[in-house]
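Residue numbers (full-length UniProt numbering), protein chains in the order written: chain C, 1 to 317; chain E, 1 to 259.
Take these hints with a grain of salt, some might be off.
What the hints assert, rightly or not - Using 30 Å as the maximum straight-line C-alpha spacing, the simulated DSBU-like pairs for lysine-lysine come out as follows:
id, chain 1, residue 1, chain 2, residue 2
1, C, 213, E, 140
2, E, 240, C, 213
3, E, 65, E, 240
4, C, 221, E, 116
5, E, 248, E, 65
Honestly, the hints are just simulated from the structure, not real lab data.
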Amino acid sequence: MTVTSPPQEPTAPPPVRRPGDRIFSLSAKGAGILILVILAGVTLFLLAESFPALTAPAEEIPGEGGLASYVWPLIFGTLLSAAIALLVATPLAVGIALFITHYAPRRLAQVLGYVVDLLAAIPSIVYGFWGIAWLAPRLVPFYRWLEENLGFIPLFAGPVSPTGRTMLTIGLVLAVMILPIVSAISREVFSQVPTLHTEAALALGATRWEMIKMAVIPYGKSGIIGGAMLGLGRALGETMAVAIILSGSAAGITFALISSANPQTIAANIALQFPESTGIDVNTLIASGLVLFVITLLVNMLARWIVNRRADFSGAN
Amino acid sequence: MAKRIDVSDLDIYYGKFLAVQGVNVSIEPRSITALIGPSGCGKSTFLRSINRMHEVIPGARVEGKVVMDGQDLYAPDTDPVTVRRQIGMVFQRPNPFPTMSIYDNVAAGMRLNAKKMSKAATDELVERSLRGANLWEEVKDRLDRPGSGLSGGQQQRLCIARAIAVEPDVLLMDEPCSALDPISTLAIEDLMTELKERFTIVIVTHNMQQAARVSQQTGFFNLNGVGQPGRLIEFNPTEKIFSNPDEKATEDYISGRFG
Numbered sequence: 001m002t003v004t005s006p007p008q009e010p011t012a013p014p015p016v017r018r019p020g021d022r023i024f025s026l027s028a029k030g031a032g033i034l035i036l037v038i039l040a041g042v043t044l045f046l047l048a049e050s051f052p053a054l055t056a057p058a059e060e061i062p063g064e065g066g067l068a069s070y071v072w073p074l075i076f077g078t079l080l081s082a083a084i085a086l087l088v089a090t091p092l093a094v095g096i097a098l099f100i101t102h103y104a105p106r107r108l109a110q111v112l113g114y115v116v117d118l119l120a121a122i123p124s125i126v127y128g129f130w131g132i133a134w135l136a137p138r139l140v141p142f143y144r145w146l147e148e149n150l151g152f153i154p155l156f157a158g159p160v161s162p163t164g165r166t167m168l169t170i171g172l173v174l175a176v177m178i179l180p181i182v183s184a185i186s187r188e189v190f191s192q193v194p195t196l197h198t199e200a201a202l203a204l205g206a207t208r209w210e211m212i213k214m215a216v217i218p219y220g221k222s223g224i225i226g227g228a229m230l231g232l233g234r235a236l237g238e239t240m241a242v243a244i245i246l247s248g249s250a251a252g253i254t255f256a257l258i259s260s261a262n263p264q265t266i267a268a269n270i271a272l273q274f275p276e277s278t279g280i281d282v283n284t285l286i287a288s289g290l291v292l293f294v295i296t297l298l299v300n301m302l303a304r305w306i307v308n309r310r311a312d313f314s315g316a317n
Numbered sequence: 001m002a003k004r005i006d007v008s009d010l011d012i013y014y015g016k017f018l019a020v021q022g023v024n025v026s027i028e029p030r031s032i033t034a035l036i037g038p039s040g041c042g043k044s045t046f047l048r049s050i051n052r053m054h055e056v057i058p059g060a061r062v063e064g065k066v067v068m069d070g071q072d073l074y075a076p077d078t079d080p081v082t083v084r085r086q087i088g089m090v091f092q093r094p095n096p097f098p099t100m101s102i103y104d105n106v107a108a109g110m111r112l113n114a115k116k117m118s119k120a121a122t123d124e125l126v127e128r129s130l131r132g133a134n135l136w137e138e139v140k141d142r143l144d145r146p147g148s149g150l151s152g153g154q155q156q157r158l159c160i161a162r163a164i165a166v167e168p169d170v171l172l173m174d175e176p177c178s179a180l181d182p183i184s185t186l187a188i189e190d191l192m193t194e195l196k197e198r199f200t201i202v203i204v205t206h207n208m209q210q211a212a213r214v215s216q217q218t219g220f221f222n223l224n225g226v227g228q229p230g231r232l233i234e235f236n237p238t239e240k241i242f243s244n245p246d247e248k249a250t251e252d253y254i255s256g257r258f259g
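Using the sequences and the hints, build the whole thing.
See the structure below:
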């Protein structure tokens with residue numbers, strides 16, 4: 001066969017544009033852009049409104065010690081209460097999720113699943129009331145015991161708060177509050193572990209617990225971390241429950257978890273102070289909000305980094 | 001090492017449904033026994049009942065006897081976990097643990113036995129098992145990488161290495177090559193022929209040439225109709241099954257005239 005004419009350039013037919021595709025693509029793009037715009041808007045607002053407080057002379061800030069010394073105890077209180085909540089809630093939530101997915105009979109598992117989801121839907125103000133009216137007084141004898149037996153540890157140094165409205169109480173209330181979201185997400189990932197992997201472990205002669213250690217928890221690890229971070233986000237930003245339980249007694253930085261002198265959290269402090277604030281005080285509160293915003297951002301980035309560090313081993317490939 | 005398995009009057013149930021009925025068979029040590037038959041006839045179910053993996057499915061149970069060198073595997077005081085440590089299994093789809101490195105995959109079974117092993121002994125075990133599975137040369141430079149990064153055939157050989165690392169008495173293989181290309185299949189078949197010197201091997205396969213190539217004994221499973229239990233129709237030396245089977249149904253299936 002001889003070539004008599006130069007080969008024709010293959011011309012691709014113009015791609016067909018269907019209106020449905022275009023509408024969907026545009027609206028999806030719009031939604032994606034919207035979330036960025038909102039985030040940028042919030043950031044700009046926080047920056048602009050806190051600018052006066054950032055530049056104001058120290059004696060104009062409430063407490064007259066400057067912005068850093070005003071915000072620092074609040075940051076401390078926020079992180080401490082959230083850390084207690086996370087430490088208590090995560091192991092418990094993983095246990096609940098494992099029980100529901102791998103141990104409970106199917107009927108019971110369903111009921112438990114509903115109950116856990118229901119807990120997540122309770123408004124935080126209710127948790128606050130429950131914490132102050134029911135939990136706090138009942139914790140007082142326990143705190144007395146802690147002081148008597150473990151009082152040499154600075155965490156449990158006295159004097160014990162007679163009302164039980166302490167840092168540890170709020171940590172526990174926050175733990176109950178974030179428990180459902182962490183366990184709901186853990187349950188979801190645990191139930192998605194492929195049978196292939198669980199059977200691989202069982203066929204090697206793993207007991208049920210060994211199978212969970214070998215196949216289920218490693219597979220669900222990124223989900224557990226993701227759930228814990230969502231819970232942490234809620235614990236960091238929780239306003240009403242904290243404001244009710246820790247009202248008033250802002251006491252600077254202290255690790256004493258069971259005394260009545262407690263640091264406030266950023267969110268609760270804003271809620272308590274905002275109605276009576278004017279001028280530079282408002283800007284100061286907004287500046288503390290900016291700090292909270294940055295903290296949550298950092299926490300999320302940290303979580304993402306933890307999850308991605310061993311992405312090769314995630315089981316997603 | 002390499003034990004004999006005697007199955008008598010085995011009925012296998014899923015809840016109330018009788019899936020496999022009345023299996024009587026003796027599986028010889030140091031040989032490859034192939035199980036063939038149409039889909040849904042109970043070959044895999046039977047295979048999974050040998051190492052008590054069948055009962056992992058809720059509601060699944062077994063009646064009858066499976067005896068391995070005098071040890072009744074379904075005796076009331078027999079722990080299924082112990083049975084599975086003695087009888088290794090390789091699945092249809094390669095299933096290395098995705099969250100573990102190649103090294104940890106191979107060592108996983110040994111670590112389950114809760115024996116404290118020195119690093120050197122574990123290294124030695126991993127190398128011996130990977131060599132045993134003809135995979136060592138391909139992965140020795142990336143033992144710390146995830147097993148899921150290997151090709152399908154390599155992953156299946158990794159699963160075989162994981163299974164033989166605990167030195168089981170019997171190795172069960174449930175269509176180990178059905179997800180693999182012909183070259184990987186050949187590699188696994190060669191490997192099986194080597195392994196049969198040390199283990200009792202039972203393989204379920206849809207590939208009749210494979211059964212004819214590798215096995216010494218062949219069992220043919222079939223069922224009379226939908227909803228009927230599967231039965232072991234014929235169990236004979238492979239040569240006889242493929243040249244002069246006793247049963248008409250076997251001949252029909254092998255020559256492609258089933259139904």
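Structure-based check of all given hints:
1. C:213 / E:140: holds (26 Å)
2. E:240 / C:213: Roughly 47 Å between the alpha carbons, so the hint for residue 240 of chain E and residue 213 of chain C is violated.
3. E:65 / E:240: holds (27 Å)
4. C:221 / E:116: holds (26 Å)
5. E:248 / E:65: holds (28 Å)
In terms of the numbered hints stated before, the structure departs from hint 2 and from no other.
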